[in-house]
Amino acid sequence: MNVLFFASHRELAGAGDTVVALPERSTVNALLAALRERGGGLARLPEQVAVAVNRQYADGETVLADGDEVALIPPVAGG
Amino acid sequence: MNVLFFASHRELAGAGDTVVALPERSTVNALLAALRERGGGLARLPEQVAVAVNRQYADGETVLADGDEVALIPPVAGG
Amino acid sequence: MAWSEITLDPIEPEAVLARVGAAEDGAAVLFLGVVRNENEGRRVSGMEYEGYVAMARQQLAAIAREAAERAGSPRVAAVHRLGELKVGEVSVAVAVSTPHRAEAFDAARYAIEEIKTRLPVWKREHYLEGAPEWLGGRTPVVAGGAE
Amino acid sequence: MAWSEITLDPIEPEAVLARVGAAEDGAAVLFLGVVRNENEGRRVSGMEYEGYVAMARQQLAAIAREAAERAGSPRVAAVHRLGELKVGEVSVAVAVSTPHRAEAFDAARYAIEEIKTRLPVWKREHYLEGAPEWLGGRTPVVAGGAE
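Protein chains in written order, with this note's numbering: chain G, 455 to 533; chain L, 455 to 533; chain U, 3 to 149; chain V, 3 to 149.
Think of the hints as simulated: they come from the structure by calculation, not from any bench. Note that beta-carbon positions come from the ideal geometry of N, C-alpha and C, so glycine has one too. Warning: the hint list may mix true and false statements.
Listed below are several chain L residues computed to face chain U (Cβ distance under 7 Å; list not exhaustive) [as the list claims (entries may be wrong)]:
1. Ala461
2. Ala531
3. Gly533
Bound conformation, chain G alone (with noise of 0.2 Å):
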């Protein structure tokens, strides 16, 4: 599944998006443990992160499908 990151997001993945593989009906919080496995600066991702699952905000319990667009959102400072 392909997992976009944004601004301070992107600079600790050091790229915009990355591709991880999961068990099948993974949840939201498992896929951050995921990155967080990896280390490097996805080691320091904030202890509470937003996520968007098909561009809506979507809770840790959330189930993954194969082909959602899921995105990690950083706190948002619009305007």
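The hints should help you fit chains L, U and V onto chain G, whose structure is shown.
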């Protein structure tokens, strides 16, 4: 003393202004009473009237001086 | 310095907005009052504004100053038009800019509420059918009639 | 229909205002967010806006729709700019028109608060001295990290 009328008051008075002779140290309320006594449209002035003396809102007890610019202010409806 | 004007000319919103703004401001609010085509179920064809111009100038300047004090920013502009206006024309405009948005919203709202409450301006509504009528408004400060 | 846009081009306030307004509306409110020259005591030279464009478009459209529902008027326009902005440039504009003014103020305020809270947009401040920094903002919906 010169008294200015606007909008609905102007229509009651049939004129934009009028001259009123009052004893020295008369109040705004005395002026209003004198205007009502003239009869005609002015007898139909509302019971409560706002008054400006020298372009400032003034209450009924305000004492008038010769040369004051007095204006009757109908309910305002700006904007 | 807060800016204000009573005018007979059409109001240009962008010109009012251009009177505010500064490098330290992160927010600007512009309010426009516009003549609308309906009031209390009657179809309106236009609005005639009359003012006590000398006093209205003073009052509008005072309102703009007070709004500037509330905003903590002198960048306040307020203009009210008099004369015959058509539906869709702007009768009043208020612009405020401030470092942060809460103050701009608050001061713009304050200014328009005060304008409606104490600016010595009156309006006569013209209808598609029937005679024009002076609109009832608010009495700013009451002098007792009955002594 | 409420209108919204994520854009890379300069925002023209009068064009946003022109998207609202109708014969039945007596009030219009325009809010502008502007890049300012100072933040928390540091002198700012400009602001770099990054967005998750596909999602930001959806969120801004949803915010405009919600503001329109609150206003009871579909005449809501909202636009957010991305890219590198200089001090004094407009980053966000919201316009609302309604028959009466309270609804226009309320809906404009609602829209900008929601934009600040949930629009997936980030800004990196550039300073006269020192390296640019991503500004801390608000976390919209939190996914727990620790399981």
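If you test the structure against every hint from before, which numbers come out violated? Hints that this structure does not satisfy do not exist here, as all of them hold.
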